[in-house]
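Novice: Residue numbers (the numbering used here), protein chains in the order written: chain A, 14 to 466; chain B, 14 to 466; chain C, 14 to 466; chain D, 14 to 466.
Watch out, some of these pointers could steer you wrong.
Identical chains blur together in the list; that is why a pair holds if it fits in one copy or across any two.
[Unchecked claim] Calculated pairs, DSSO-like style, for lysine-lysine (alpha carbon to alpha carbon, straight line, at most 27 Å):
| # | residue 1 | residue 2 |
| --- | --- | --- |
| 1 | Lys18 | Lys272 |
| 2 | Lys374 | Lys213 |
| 3 | Lys49 | Lys274 |
| 4 | Lys378 | Lys213 |
| 5 | Lys274 | Lys244 |
| 6 | Lys162 | Lys271 |
| 7 | Lys18 | Lys378 |
| 8 | Lys18 | Lys457 |
| 9 | Lys162 | Lys374 |
| 10 | Lys89 | Lys244 |
| 11 | Lys271 | Lys457 |
| 12 | Lys162 | Lys15 |
| 13 | Lys18 | Lys274 |
| 14 | Lys163 | Lys177 |
| 15 | Lys213 | Lys15 |
| 16 | Lys165 | Lys244 |
| 17 | Lys361 | Lys378 |
| 18 | Lys366 | Lys271 |
| 19 | Lys49 | Lys15 |
| 20 | Lys457 | Lys165 |
| 21 | Lys49 | Lys18 |
| 22 | Lys366 | Lys378 |
Keep in mind that the hints were calculated from the coordinates and are not lab data.
Protein chains: 4
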Amino acid sequence: MKLIKSEGIAHHSYFIEASGRAIVVDPRRDVDIYLKMAETAGLDITHIFETHRNEDYVIGSLELAQATGAEIFHGKDLEFAYGTPVIEGTTFKFGNAELEILETPGHTPESISLVLRDKSVSDDAHMVFAGDLIFAGETGRIDLLGEDKKRKMAGLLYDSIFHKIMPLGDKTILCPAHGAGSVCGADIREQDYTTLGYEKNTNLQLQCTSRDEFIQMKVAEELYTPPYFRKMEFFNQNGAPLLGRLPYLRALTPKILKKMKNNGAQIVDVRQPTSFGGAHLPGSLNIWRDGVPAFAGWFLNYQDPIILIDDQDHNLDEIRQALVRLGFDNIYGYLAGGFPNWYLHAEKIETLKLWSVQQLKENLKNDFFLLDGRMIDDRQEGYIEGSHHIYTGEVPVRISEIPRDQSVVVYCDSGFKSTLICSYLRGEGFTDLTSVLGSMTAWKQAGYPVVTD
Amino acid sequence: MKLIKSEGIAHHSYFIEASGRAIVVDPRRDVDIYLKMAETAGLDITHIFETHRNEDYVIGSLELAQATGAEIFHGKDLEFAYGTPVIEGTTFKFGNAELEILETPGHTPESISLVLRDKSVSDDAHMVFAGDLIFAGETGRIDLLGEDKKRKMAGLLYDSIFHKIMPLGDKTILCPAHGAGSVCGADIREQDYTTLGYEKNTNLQLQCTSRDEFIQMKVAEELYTPPYFRKMEFFNQNGAPLLGRLPYLRALTPKILKKMKNNGAQIVDVRQPTSFGGAHLPGSLNIWRDGVPAFAGWFLNYQDPIILIDDQDHNLDEIRQALVRLGFDNIYGYLAGGFPNWYLHAEKIETLKLWSVQQLKENLKNDFFLLDGRMIDDRQEGYIEGSHHIYTGEVPVRISEIPRDQSVVVYCDSGFKSTLICSYLRGEGFTDLTSVLGSMTAWKQAGYPVVTD
Amino acid sequence: MKLIKSEGIAHHSYFIEASGRAIVVDPRRDVDIYLKMAETAGLDITHIFETHRNEDYVIGSLELAQATGAEIFHGKDLEFAYGTPVIEGTTFKFGNAELEILETPGHTPESISLVLRDKSVSDDAHMVFAGDLIFAGETGRIDLLGEDKKRKMAGLLYDSIFHKIMPLGDKTILCPAHGAGSVCGADIREQDYTTLGYEKNTNLQLQCTSRDEFIQMKVAEELYTPPYFRKMEFFNQNGAPLLGRLPYLRALTPKILKKMKNNGAQIVDVRQPTSFGGAHLPGSLNIWRDGVPAFAGWFLNYQDPIILIDDQDHNLDEIRQALVRLGFDNIYGYLAGGFPNWYLHAEKIETLKLWSVQQLKENLKNDFFLLDGRMIDDRQEGYIEGSHHIYTGEVPVRISEIPRDQSVVVYCDSGFKSTLICSYLRGEGFTDLTSVLGSMTAWKQAGYPVVTD
Amino acid sequence: MKLIKSEGIAHHSYFIEASGRAIVVDPRRDVDIYLKMAETAGLDITHIFETHRNEDYVIGSLELAQATGAEIFHGKDLEFAYGTPVIEGTTFKFGNAELEILETPGHTPESISLVLRDKSVSDDAHMVFAGDLIFAGETGRIDLLGEDKKRKMAGLLYDSIFHKIMPLGDKTILCPAHGAGSVCGADIREQDYTTLGYEKNTNLQLQCTSRDEFIQMKVAEELYTPPYFRKMEFFNQNGAPLLGRLPYLRALTPKILKKMKNNGAQIVDVRQPTSFGGAHLPGSLNIWRDGVPAFAGWFLNYQDPIILIDDQDHNLDEIRQALVRLGFDNIYGYLAGGFPNWYLHAEKIETLKLWSVQQLKENLKNDFFLLDGRMIDDRQEGYIEGSHHIYTGEVPVRISEIPRDQSVVVYCDSGFKSTLICSYLRGEGFTDLTSVLGSMTAWKQAGYPVVTD
């Protein structure tokens with residue numbers, strides 16, 4: 014078994030070798046990695062399993078099936094436009110290896126888990142691929158079908174975990190579909206490998222003493238749902254467009270970029286807050302490189318061409334992959350020569366005020382609107398007195414809550430999301446904006462006071 | 014300017030950077046290398062030039078144009094189904110760089126050459142991209158339009174070389190479309206870089222004292238025309254199928270391979286003669302790894318699936334590329350685990366007798382049919398007494414000249430082509446076959462006698 | 014935690030990230046992979062742990078320490094010439110991560126295990142790095158200190174496993190120092206990841222009902238000890254020479270190779286049995302590519318230069334790595350151009366008879382000495398009637414048991430080791446040798462009879 | 014022949030294949046690329062030629078000789094501590110290939126050129142490796158031996174070029190030791206490949222009508238000599254320390270970095286001006302990534318550890334290589350996590366004022382000291398009225414010319430060197446500093462006025 018991690022979305026897919034063939038669980042859309050692994054190992058990819066209809070990325074099953082001729086399988090309780098439904102207890106035998114299907118609804122109605130056994134060794138479950146049912150230190154979201162279904166889904170999740178998965182035994186290795194940083198779990202631990210026994214003992218959500226307590230806890234969870242989830246759900250139920258080769262990114266001159274911007278192109282500056290603060294192209298949105306997987310889906314649309322700006326035009330691969338995984342096939346190009354090429358052409362630049370936490374502290378007495386762009390969970394653990402809270406991703410829909418006639422100072426965890434917010438607000442016409450470098454992390458490091466409700 | 018060499022077919026394409034954009038001359042079909050170069054350098058590929066309708070490989074212009082949006086240009090004297098014709102004297106200006114079109118028929122009627130100048134330096138020609146007109150130590154073939162057009166084409170070639178290219182001056186760097194080993198020139202030198210002056214002095218074909226002498230020399234040339242040339246010409250005039258991602262190769266079990274073979278699959282053993290001699294799958298064709306670009310087009314068809322056998326199943330990339338460049342999109346898979354997997358399954362194997370040149374020498378007195386599979390040019394320089402000559406590629410159409418009631422011993426230059434011939438003849442029912450390791454190269458090393466006509 | 018597998022010796026080392034630093038467990042000697050991982054992840058390697066003095070490869074601790082400045086730790090019950098001894102219960106804290114030392118003698122007296130905990134999660138053991146104490150499906154060898162210490166070591170092994178490791182709990186992930194194919198365990202399973210609970214249930218050696226039964230079982234085990242183990246033990250106790258850059262391999266002409274051979278160079282032909290059978294350089298030893306890690310230590314010495322022959326001279330990296338890991342710094346070069354370059358120079362070649370299992374079957378009635386070169390365990394499961402058993406590695410010391418006046422036919426599991434034996438015997442003057450392709454694997458596939466004692 | 018470019022120092026070395034062996038001309042110190050090329054091509058590196066004692070980088074001859082056993086050759090007119098002197102007319106024959114030595118003093122007294130001929134083709138010179146004698150569009154520096162030797166060296170240079178090199182003929186390909194961007198020529202063109210004929214026509218320096226005119230022109234040239242040249246000359250005459258593996262870079266926490274800085278470590282911020290302007294570590298020197306090869310030698314010493322800061326800690330390779338090529342083996346580590354890790358720890362940050370050219374224009378009427386940090390040649394082509402000129406590299410020795418009681422605004426070509434100057438001055442206690450983004454390039458783009466003397 015090999016774990017393939019897709020950074021940013023913290024997606025875990027798995028490549029399983031079994032008796033001369035390969036099985037892929039939850040492939041990503043840029044499937045070359047699986048093809049390469051198969052050819053290197055001399056294996057034929059014949060089976061693709063989807064643990065559930067994913068909502069946070071475009072699944073690569075069709076892409077991989079088209080390349081290899083493999084068959085796609087998923088749960089039966091959703092109408093997929095492709096693939097073959099499987100049901101509880103179905104087993105796939107590959108020589109000594111066996112994959113057993115468990116229906117494990119909860120995160121979604123059609124979620125399945127796969128139990129891997131080596132029958133030449135024993136009938137014990139060696140590993141379980143549990144999708145978004147349970148993670149290292151977390152359990153799956155139950156809110157995606159809407160508020161009214163939350164109780165029901167939480168109950169299903171409980172039953173799936175406690176009556177299907179945990180009975181496989183402490184010793185079984187748990188292979189979930191996400192790692193730390195995913196939006197599919199509030200607080201997944203940074204452990205690539207865990208076991209059911211380790212989770213039983215340590216996963217706080219599994220410490221509930223009753224089904225009802227578990228349901229109550231899950232229903233109370235507040236998790237964000239980026240708008241692009243709808244697109245992913247549509248793609249993953251009906252089949253996303255086939256890619257073939259990943260899109261080529263065009264090198265654009267400042268002149269062409271300017272023209273395209275005037276025609277509606279989305280300009281995404283992937284540099285760091287300090288670079289963006291130092292100087293940037295007016296009207297560009299600052300989503301730092303590593304933030305693209307998490308925030309593209311909140312701020313970008315699927316129609317207008319996406320154009321990237323970086324310090325230099327190297328290493329576009331990871332951003333291209335990040336966008337393609339989210340279905341942003343409207344990625345178009347990048348500013349050739351990087352941002353310097355913009356100012357070398359004497360094009361108009363703007364700056365953004367950046368404060369250290371020391372400066373924020375000193376200025377607190379002054380009059381400004383202090384905006385906290387962190388997640389609600391982080392907010393609840395403590396915030397800077399006087400700050401107003403809007404999660405970064407929700408700024409577009411709650412923009413009316415932010416005063417236009419006042420200085421706006423933004424902080425978040427680190428200064429990255431706050432700069433993103435400032436860049437967004439600037440594009441919406443706000444003019445007096447400041448982002449706080451280091452934000453709450455540095456604030457606490459400096460020993461400054463936080464308050465809680 | 015960067016030279017991109019496609020080994021095997023010894024094809025040279027060029028990536029030219031000019032004022033922030035990139036121009037590609039004669040791209041190959043697996044275009045990822047150009048896309049990568051463009052993105053690494055921060056350049057946009059905007060122009061693709063075809064020096065002529067190629068006959069020895071599938072040109073990648075459409076593939077590259079589809080990926081990048083670049084425009085394709087070629088000569089006007091052929092009806093292409095795509096691209097834009099250009100005429101003598103047309104110049105493309107990219108900042109200080111300038112590309113001038115010269116119509117240089119001879120190899121084909123519509124052949125063009127591109128003269129690169131840096132106008133910021135001078136009006137002198139810096140480089141010339143001359144396609145198949147002139148190579149290091151050679152000039153282009155003039156036989157592709159048929160016997161009756163040879164004189165005319167040779168005259169055109171003379172005029173193009175002497176009245177269009179050489180006048181650019183001794184100092185001009187010559188960038189031809191092929192290097193040593195290409196079938197597009199009898200004896201191209203192993204020099205990636207040469208100049209018009211160096212060729213003027215050293216290229217034997219340019220030493221002719223008159224146009225007539227040149228024509229006579231060219232008309233007398235004997236060059237082989239593999240059957241796949243027709244397919245390439247059709248593709249390159251009408252547009253080859255788009256590839257996207259290169260084909261995935263399936264790992265096949267001996268059982269599946271056997272079944273496919275029975276249904277007509279072409280089994281290509283890419284191992285060395287010694288391996289093939291040691292043991293092989295009955296009915297497989299032995300085209301050693303590096304021989305695939307040169308001999309696939311003589312021995313394989315475009316319909317039946319192609320299945321590869323190697324010692325191990327690593328490094329399929331270069332064979333896949335070689336086949337795709339020749340349009341063999343019917344490449345299908347390979348024997349998983351390599352050839353050992355065949356005999357480990359106790360499947361039937363055969364061996365092929367291999368002789369050293371010492372053994373050949375000792376056995377010469379015995380009665381057998383000694384076949385010389387080399388090119389006619391090499392034959393003419395000397396051969397082993399008593400041998401019969403059929404060029405390797407022509408064995409299929411001249412098979413009736415080889416006796417079935419006699420031992421057949423085959424030699425070539427090195428033992429690779431002779432083993433290919435043996436493997437082919439074995440498939441055609443011949444049973445008493447021997448290939449000579451080292452062949453003429455070793456024969457001469459050993460100081461054994463050769464005769465000439 | 015990242016597992017770094019060294020193929021061939023099936024060595025598992027581990028790279029553990031903990032609070033901004035990196036810890037390496039049992040590094041291999043070609044340490045660039047760890048340096049690269051550290052720089053890619055932005056971590057400083059500060060601690061190196063050796064679970065025990067290894068005997069099957071040169072440990073890279075000194076090499077890695079010299080490059081990074083990291084400190085080396087190992088068990089206290091052996092006099093190491095370098096590093097710092099640690100004792101039972103010592104804990105290393107790296108932020109929330111904690112590594113606890115367990116003294117776990119048995120395989121060697123000074124063996125230690127490392128227990129990894131994430132204290133921010135719980136006090137539970139998350140993983141245990143147990144060296145050669147216990148593997149997937151196996152337990153460690155106890156024979157390395159000699160026959161007389163076997164009982165004692167087996168008892169220690171039992172105590173370490175049952176009183177130190179298993180009490181960590183079923184849920185704990187087991188990270189052993191070897192995977193399938195290692196000589197450090199008779200029959201390790203092909204599972205990179207396992208748990209204590211999974212082993213408790215499935216590992217046959219753990220099913221013993223008493224300490225005595227366990228000791229008896231271990232003492233009865235027959236495992237091979239290649240001669241190079243002594244060298245490794247010396248290196249790993251006293252410190253192996255520092256490498257810096259891996260040795261460069263010289264491209265040698267046939268002429269130079271021949272001269273060096275005459276002066277005692279060891280010529281290793283890494284091609285497959287079929288290639289070697291087809292033709293080879295007289296006096297060369299055939300250790301096929303993937304067999305180098307396992308058999309170099311049985312057949313090569315540490316003084317005379319080692320020269321490689323392959324089909325082509327590509328991909329020398331894995332053989333260089335394999336030899337360097339075993340301390341063969343006397344690796345010198347390779348035949349430029351591969352084996353064909355030998356026969357193209359008309360140098361003398363020899364062939365080796367290869368039989369299919371069908372041929373072996375047909376010939377069984379004839380008179381020859383049939384040699385079985387497999388491991389004793391495999392032999393005991395059944396062999397071909399009339400065959401004599403000498404394990405491949407032991408052929409040099411038991412060569413007198415093989416008759417020189419008779420045909421010798423050799424088989425093993427697959428035909429690779431049997432060809433190695435033939436090549437060795439040929440060098441020792443035997444002349445009538447045959448190797449059986451497919452050997453026992455194919456023999457069984459064909460449904461031919463095997464006998465047992 | 015393969016050209017190996019070392020970016021930044023624009024160094025060109027050459028790998029020449031000749032009859033089964035490889036020859037390297039002017040190897041760089043990180044020699045792995047040559048070793049890899051040799052092994053990939055199946056060639057043995059046997060000869061290393063140094064065209065002259067280089068002054069701008071550490072030559073890798075000893076490093077490469079130690080790895081391969083190759084012999085080193087250089088000119089006779091300098092006492093080298095290693096290698097073999099060669100003299101005019103010596104020829105090295107490698108099969109058909111021949112390298113002839115020409116003594117071509119001028120840049121240095123012992124400079125040699127190598128003429129490559131393919132004797133199987135003709136006696137014509139195919140290529141000439143001319144070191145620092147003549148470049149595309151330039152000729153070599155003659156000032157390195159001091160003011161008093163300039164006339165003499167210029168005369169020698171003239172003689173070498175016109176009486177040794179040019180007679181090789183227009184057609185000969187020129188392979189110089191540097192490309193565009195090198196400090197070894199004022200204005201080398203961006204052409205990797207040129208010919209003697211092309212240079213004869215287009216190289217302005219070759220248009221002099223007499224030896225005297227040439228000498229006068231060369232003597233009048235003003236070129237900068239960075240202080241590290243002395244170190245390189247010493248190393249390249251006496252032999253630089255052997256490297257083996259390239260130095261590992263330690264990941265440092267902010268705390269350790271701070272401590273090392275207090276103990277004298279050199280902190281080099283390799284980010285872009287906009288990032289540095291946005292926020293930076295007080296006391297760090299800003300040499301942007303691509304500026305390291307050119308400016309490390311002006312601003313860094315060879316004793317104190319060098320610590321890097323980047324936006325993120327990826328891709329340290331090219332900076333490590335750049336520093337190692339200049340002999341800065343005191344490179345030590347980098348800020349783990351990149352610059353954000355600094356402000357996330359609430360460490361003190363500073364900002365630097367950045368102006369657009371528009372802002373500079375608007376503010377010109379105000380009182381400040383406007384510093385022009387460009388090369389003298391660029392200055393002479395026009396500057397902003399009222400500016401004072403000190404070349405970036407000379408700022409440390411001419412710092413007293415810059416007023417400490419006034420605002421200092423710095424411009425250069427693009428804004429990179431000006432930010433470097435500001436960072437340096439800040440470390441020297443200057444407080445009111447501004448760097449102009451885009452600088453003269455943008456200034457001209459904007460159509461603003463320049464004056465000339």
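Novice: Take the hints in turn and mark each one as holding or not.
Specialist: Outcome of the hint check:
1. Lys18 / Lys272: The answer is neither: 38 Å in one copy and 36 Å across copies each exceed 27 Å.
2. Lys374 / Lys213: neither (43 Å within a copy, 58 Å between copies)
3. Lys49 / Lys274: between (38 Å within a copy, 26 Å between copies)
4. Lys378 / Lys213: The answer is neither: 49 Å in one copy and 64 Å across copies each exceed 27 Å.
5. Lys274 / Lys244: Within one copy only: 24 Å inside a chain, 45 Å across chains, cut-off 27 Å.
6. Lys162 / Lys271: For lysine 162 and lysine 271, neither the intra-copy (47 Å) nor the inter-copy (54 Å) Cα distance is at most 27 Å.
7. Lys18 / Lys378: neither (46 Å within a copy, 57 Å between copies)
8. Lys18 / Lys457: neither (31 Å within a copy, 41 Å between copies)
9. Lys162 / Lys374: neither (44 Å within a copy, 63 Å between copies)
10. Lys89 / Lys244: For lysine 89 and lysine 244, the Cα distance is within 27 Å only inside one copy (21 Å; across copies 47 Å).
11. Lys271 / Lys457: Between copies, since 20 Å is at most 27 Å while 41 Å is not.
12. Lys162 / Lys15: Classified as neither; 35 Å inside a copy, 40 Å across copies.
13. Lys18 / Lys274: This pair counts as neither: shortest intra-copy Cα distance 34 Å, inter-copy 37 Å.
14. Lys163 / Lys177: Intra 20 Å, inter 45 Å, cutoff 27 Å: intra-copy only.
15. Lys213 / Lys15: Answer is both: 24 Å inside a copy and 24 Å across each meet the 27 Å cutoff.
16. Lys165 / Lys244: within (24 Å within a copy, 63 Å between copies)
17. Lys361 / Lys378: between (34 Å within a copy, 21 Å between copies)
18. Lys366 / Lys271: Both. Shortest intra-copy (24 Å) and inter-copy (26 Å) distances satisfy the 27 Å Cα cut-off.
19. Lys49 / Lys15: both (13 Å within a copy, 20 Å between copies)
20. Lys457 / Lys165: neither (40 Å within a copy, 56 Å between copies)
21. Lys49 / Lys18: both (15 Å within a copy, 18 Å between copies)
22. Lys366 / Lys378: Classified as both; 18 Å inside a copy, 26 Å across copies.
Hints 1, 2, 4, 6, 7, 8, 9, 12, 13, 20 from the list above are not met by this structure, while the remaining hints are.
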